[in-house]
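A.B. asks: So the protein sequences, as listed, match chains W, U, R and A.
For the first sequence, my numbering begins at -19 and goes up steadily by one.
For the second sequence, my numbering begins at -19 and goes up steadily by one.
For the third sequence, my numbering begins at -19 and goes up steadily by one.
For the fourth sequence, my numbering begins at -19 and goes up steadily by one.
Check before you lean on any hint, since a few could be wrong.
Copies of the same chain look alike in the list, so a pair counts if it works inside one copy or between any two.
[What the hints assert, rightly or not] The list that follows gives simulated cross-link-like pairs (lysine to aspartate or glutamate, DMTMM-like), each with its CA atoms no further than 25 Å apart: (1) LYS154 / ASP32; (2) LYS11 / ASP32; (3) LYS276 / GLU124; (4) LYS162 / ASP129; (5) LYS76 / ASP163; (6) LYS154 / GLU366; (7) LYS143 / GLU50; (8) LYS11 / ASP254; (9) LYS379 / GLU50; (10) LYS347 / ASP360; (11) LYS377 / GLU113; (12) LYS308 / ASP160; (13) LYS379 / ASP369; (14) LYS308 / GLU113; (15) LYS205 / ASP163; (16) LYS11 / GLU113; (17) LYS276 / ASP254; (18) LYS276 / GLU29.
To be clear, the hints were calculated from the coordinates, so they are not data collected in a lab.
4 protein chains.
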Amino acid sequence: MTQRRVGLWLIGALGGVCSTAVLGLSALSRKLTDTTSLVTASPLFDGVELDDFDTFVVGGHEIRKSSYVEAVRDLHQRSNVFSEAMIQACTPDLEKWTANVKPGTILGSGPTISKLADHPDVQRVATPREAVERIQADLRAFREANKLDQVVVANVTSTEPPKELSDAYTSIAKFRALLDTKDASIPASALYGWAALDLGISYINFTPSLGSSFPAAIQLAEERKASVSGKDGKTGETLMKTVLAPMFRHRNFKVLSWVGHNIFGNRDGVVLDDPVNKASKIQTKDQVVSSIVGYKPQTHVSIEYIQSLDDWKTAWNHIHYQGFLGTKMILQFIWQGCDSLLAAPLLLDIVRLTLLAQRRGESGVLKHLACFFKSPMGCDQHDFFEQMDMLAAYVAKVKG
Amino acid sequence: MTQRRVGLWLIGALGGVCSTAVLGLSALSRKLTDTTSLVTASPLFDGVELDDFDTFVVGGHEIRKSSYVEAVRDLHQRSNVFSEAMIQACTPDLEKWTANVKPGTILGSGPTISKLADHPDVQRVATPREAVERIQADLRAFREANKLDQVVVANVTSTEPPKELSDAYTSIAKFRALLDTKDASIPASALYGWAALDLGISYINFTPSLGSSFPAAIQLAEERKASVSGKDGKTGETLMKTVLAPMFRHRNFKVLSWVGHNIFGNRDGVVLDDPVNKASKIQTKDQVVSSIVGYKPQTHVSIEYIQSLDDWKTAWNHIHYQGFLGTKMILQFIWQGCDSLLAAPLLLDIVRLTLLAQRRGESGVLKHLACFFKSPMGCDQHDFFEQMDMLAAYVAKVKG
Amino acid sequence: MTQRRVGLWLIGALGGVCSTAVLGLSALSRKLTDTTSLVTASPLFDGVELDDFDTFVVGGHEIRKSSYVEAVRDLHQRSNVFSEAMIQACTPDLEKWTANVKPGTILGSGPTISKLADHPDVQRVATPREAVERIQADLRAFREANKLDQVVVANVTSTEPPKELSDAYTSIAKFRALLDTKDASIPASALYGWAALDLGISYINFTPSLGSSFPAAIQLAEERKASVSGKDGKTGETLMKTVLAPMFRHRNFKVLSWVGHNIFGNRDGVVLDDPVNKASKIQTKDQVVSSIVGYKPQTHVSIEYIQSLDDWKTAWNHIHYQGFLGTKMILQFIWQGCDSLLAAPLLLDIVRLTLLAQRRGESGVLKHLACFFKSPMGCDQHDFFEQMDMLAAYVAKVKG
Amino acid sequence: MTQRRVGLWLIGALGGVCSTAVLGLSALSRKLTDTTSLVTASPLFDGVELDDFDTFVVGGHEIRKSSYVEAVRDLHQRSNVFSEAMIQACTPDLEKWTANVKPGTILGSGPTISKLADHPDVQRVATPREAVERIQADLRAFREANKLDQVVVANVTSTEPPKELSDAYTSIAKFRALLDTKDASIPASALYGWAALDLGISYINFTPSLGSSFPAAIQLAEERKASVSGKDGKTGETLMKTVLAPMFRHRNFKVLSWVGHNIFGNRDGVVLDDPVNKASKIQTKDQVVSSIVGYKPQTHVSIEYIQSLDDWKTAWNHIHYQGFLGTKMILQFIWQGCDSLLAAPLLLDIVRLTLLAQRRGESGVLKHLACFFKSPMGCDQHDFFEQMDMLAAYVAKVKG
């Protein structure tokens, strides 16, 4: 019996999060690291059949010229993460997988992202349909060349500007028509999603961009027996908000104001320095507190690009709340986490659970993955512990 | 039909927490404040029949000479809490209830607490039994004079030194024999508990002291159809630990070290400045993280008396944890809360739930109150959200 | 011999800073408080003849309807400062001085400030000259009615939008001509300053607004034997920057980035929520670090209006710096100070030193007051300790 | 003309601070790093003739078996500092200098330090004099073998327990007699100092231990034309205290309490975990605030060994102060610095200035080095900026 082989196709393949995830896959396969920070490696999942780390083949799309070795070394040097020894030991895998990375499309990504695109072969196409077809050709070639049993696509590109959706996004037929419109300005994340789902490949949206979070895409997923999930990996400050806000609710404290200031200096930060792109991000970050406490305290979220911090996202949160007899009190926290290292294991968790879901015949929106996302699809629950209860209930069902 | 009347008997009646709770009862009765910070006033309890705030009559034991007006004015001035208007409006209740406060016993409280006792009539007795009988006489007189339908006793005294228990604490008969021993050195908190339970009055231990947390006392509670609960109200830093540690467990982070420094300057702080009394407190504070994450990170807890802070307990916590690929990250929080204002509503919550439980025929240890305590009796669960699930399950049962 | 009487005329007379300064003057006169936080009461000034606190008579201009008692009670209630007893004892002074407050002008204040003006008699004039003349009439009446030996004017209004200066601001003659121009849009702060200086009254600019910081005004001050000083009282975060940046310079650390987030909720905050007004403020806050360390680290300053904080300005600063062998390190501070209480004593210090300077025959820009200002006039030195050396040298000269 | 050669003899030669300083000397000589964090490389010293970094030869005493390469690699791996490339390039120097490190003495170091001594040839001697003579033999051999023009000795060992001084420490003659006493229990730091000074070699005490801070040693220094300086390099939290306390003094704020909690996990931390050794350290850290503000606020300093932090010393300081009209305000800071990297450049600064002083004929206590020490010898001034003024005055004198 041949070993099972699964493909992980990454959009934004050579960014910090993907490069870290890919180094992690290699290091885990080679037993150079332990499974700390992987939710799917926690005791909850004992006995659940998830794909082993050495089962994966990596490929993807990218609009910048680079390689996994270069990306990983860059993170090592600027953000002071990984060890020289680990990088060297994993270099063969990194080089092999770099060869699977193809030039991506920038159609509909907005000007700030497009400026980053320095790959000479970046896809410049006439219509959205053409972009979709070229993406599908790359996916098919990857699947065949590597004899893959199953493939999953994850969008880990920089945040696109917010998108007002027209009626064309409400049904498969209408969206297909839109694909032929030259000036359709469909976000790239939606094109990648459509391309994957149409091939029966599940699509994960790790970003706040549109992706497949519109009705037509969800219908397509169900039709093709694939799944979608998203949006925006819940890695740091927002995770904290969804952990602390439930405490304020349970204890019947009245949150007066919740201020969050985020500073960091990676490429994601450059993109978020564009106020248009930042708007998408702040939107997903700002709604969670009100949703959990059930009323609207004054909230403020800022994200600033501070170059010297590189990948170390630092967040200061100041929570002003009222206790008994009108007394105002304060809770502050300071989060100092390395963004790529926080995000990469979550990405691998979602990938493994997405592959499992498809094997189990589940399609459409994977609501039980809410705990992984800032803005979970198909679910209004932001309370992290309620979300974990949902995941635990799913796991119990899987175990039977 | 006459209105129901319930009695709240407070041990340490004129301390900061009790004085705040008592001012709160008065202010709530007079509609001068809202129910913020009362868990039993949150939507979870809609439809549960809990005693209204204007049903309560307050009395208690105290070893210092003071009054509610004096205690409340002292907090107002030194800690900058409450308003002049609220104090004035509630003064009639405060004066009426001060008249119900009787001199307490210092038998077995240790030298640091005994030094605080300046009441000329503080009970100086020959044997523990004599102390118990005098406490019971005060309780009976309170019940009769005020025509009370139900009474509950809460221990809110300063922390006693830790107590090594002999065999005499394991059964009702043996403990009764011990009560006649002159040099028995039974902690005062245990004497108060025994006195109350023996009269069929439920006993709440809001402190880390022994109280009724030994087998003989629990047997007595069951026999007398009364309940016990404790130990040590979970108000601030420990609440945060039991909120954050579950996040680290769920996300499979590896906590390397968890350091907590607490500073504050109220009377409780003077007592905790004695290393022997502090030992009891640190013990209940230090166990929760390991218990939740399932292994032993290095932990450190310090509590220091800093006079200028008065009742404003400030805690800095530094949590060092390991994420993916061995990367060390840091979460810090700073908690600035007013101790009496955090504790008082919890005390009222537990009081209301204890009265309810007895009316429902429940006796022995009230395990469903775990969420209110640093060191919950009859329950190893420290995860705040699991504890809230236990409380919610109880409430569902009550609602039928 | 009659007692000396000095007049303090406040522009923005009923704002938080002025109301606190006025309550302070009364409380100091009545020996109800000590001189903590007054630089001019520190040992450095022993033997320097400064005006006693009971020498002062207060008056001023204001565009809102209010009174000192109302303003002080508002701060007491919302920001939890002052004591009931102090307010009651000082009420006679507060009422007497409120009677000296006249309706101000909003000519040239910008739309956000103008919106706050609810005084029915707010000066609505046709030309700048008319505004100047009405201000002067009020000042003369104040001086005569109260038989004042000396008067000083301080601008403590909300921050105006930044102002691009034309050639008309470069000489007395040109500026006089401008005063007759109907659409001159001269900032109100400059009109008040001109009015005062023209009467030989020294003018203090406690705000970042234009005030008398232009050549024509400085010439007028010299001609009229009066002084000017400013701009923008250095009360909190900026004080910290000018204290810490010198440490980084002396130790030859390389500051990589310095991020400062400020949140607060007083009226000043409402005005600063207007991006145009905020621009003036951020400009004076942002230059100090580069000026001290001698190169340009990345800096970021934000100021956000968070209502629940009222007068409690909270600032988080994150300083990222490079040490030996390229190692990046971090210093963070959190400043929690009450804005009016920080600013008011500085205002009184500057007032006393301004009166002294005029008595000593000094005119023009008072450069030795640099330590009190975020953006000191006539001085490029931002290092707080160098500034204190300048003040100490001046005091030594005064002492002879 | 031959190039000048100077010898740096380090006691505790292979500890974190020394290893970092030595790597730094090599990296600076090889132009692999810049002079950031070296005070003597700041503009203040332009034109002062200090020894170039490539002039140094390193040797020293150590009680543990190790090497510079091992020590540096250990710091690299555990504390995530230095780069692989720098270590490799400097390895030839590190190996050459490791050969100059000789086994030290543990006579009088106390039990906690002695436990660390795993060097098989650690000096076990019968009398203090014997220890002194063996140290001197090592120093002479180092000077001759390397043809050194000048040598300086620096004590960078772990903190010894505090030492009550007898009359024997007050004169050269009495101390010489003590050296022959078998059970004299003279601290090792004093023996090293005596040995060096007796050879006319200046002695730097970078630790809070006794060193040469007693009258007999200072007399010997003057007699032998050598200098002494100390005690305890001012690297982090204490530096901050001496920077911030002057602000509180200048602004006439009243400091109510100043609490400092320090956590770190290097070898120094293991030694400081012994309460006896910790006492020396806390003593030098705790006096500075009172000394600067001129009165005694409540202060608290804790130092805890938290293994996971390795060399990253993290300090939280909570400063509670009173402002105008009795208002209490708070300043908090969090210092996250790498101890060895903070200390090493200061050590090199003091070494260069000590060599300069001897060449200029200065002997005895070098008071102008106060800014480098927590507990400066011969100087009561703790205000960092006053200390910098003293250094600047000295430099001005040197420049003539």
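A.B. asks: Now tell me if each hint is right for this structure.
C.D. replies: Now for the hints, and whether the structure bears them out:
no.	hint	verdict
1	LYS154 / ASP32	neither (40 Å within a copy, 60 Å between copies)
2	LYS11 / ASP32	within (12 Å within a copy, 47 Å between copies)
3	LYS276 / GLU124	neither (52 Å within a copy, 48 Å between copies)
4	LYS162 / ASP129	neither (35 Å within a copy, 81 Å between copies)
5	LYS76 / ASP163	neither (37 Å within a copy, 70 Å between copies)
6	LYS154 / GLU366	neither (37 Å within a copy, 47 Å between copies)
7	LYS143 / GLU50	neither (33 Å within a copy, 49 Å between copies)
8	LYS11 / ASP254	neither (40 Å within a copy, 39 Å between copies)
9	LYS379 / GLU50	neither (41 Å within a copy, 50 Å between copies)
10	LYS347 / ASP360	within (10 Å within a copy, 32 Å between copies)
11	LYS377 / GLU113	neither (38 Å within a copy, 58 Å between copies)
12	LYS308 / ASP160	neither (58 Å within a copy, 49 Å between copies)
13	LYS379 / ASP369	both (15 Å within a copy, 23 Å between copies)
14	LYS308 / GLU113	neither (58 Å within a copy, 43 Å between copies)
15	LYS205 / ASP163	neither (30 Å within a copy, 70 Å between copies)
16	LYS11 / GLU113	neither (38 Å within a copy, 54 Å between copies)
17	LYS276 / ASP254	between (27 Å within a copy, 22 Å between copies)
18	LYS276 / GLU29	neither (42 Å within a copy, 29 Å between copies)
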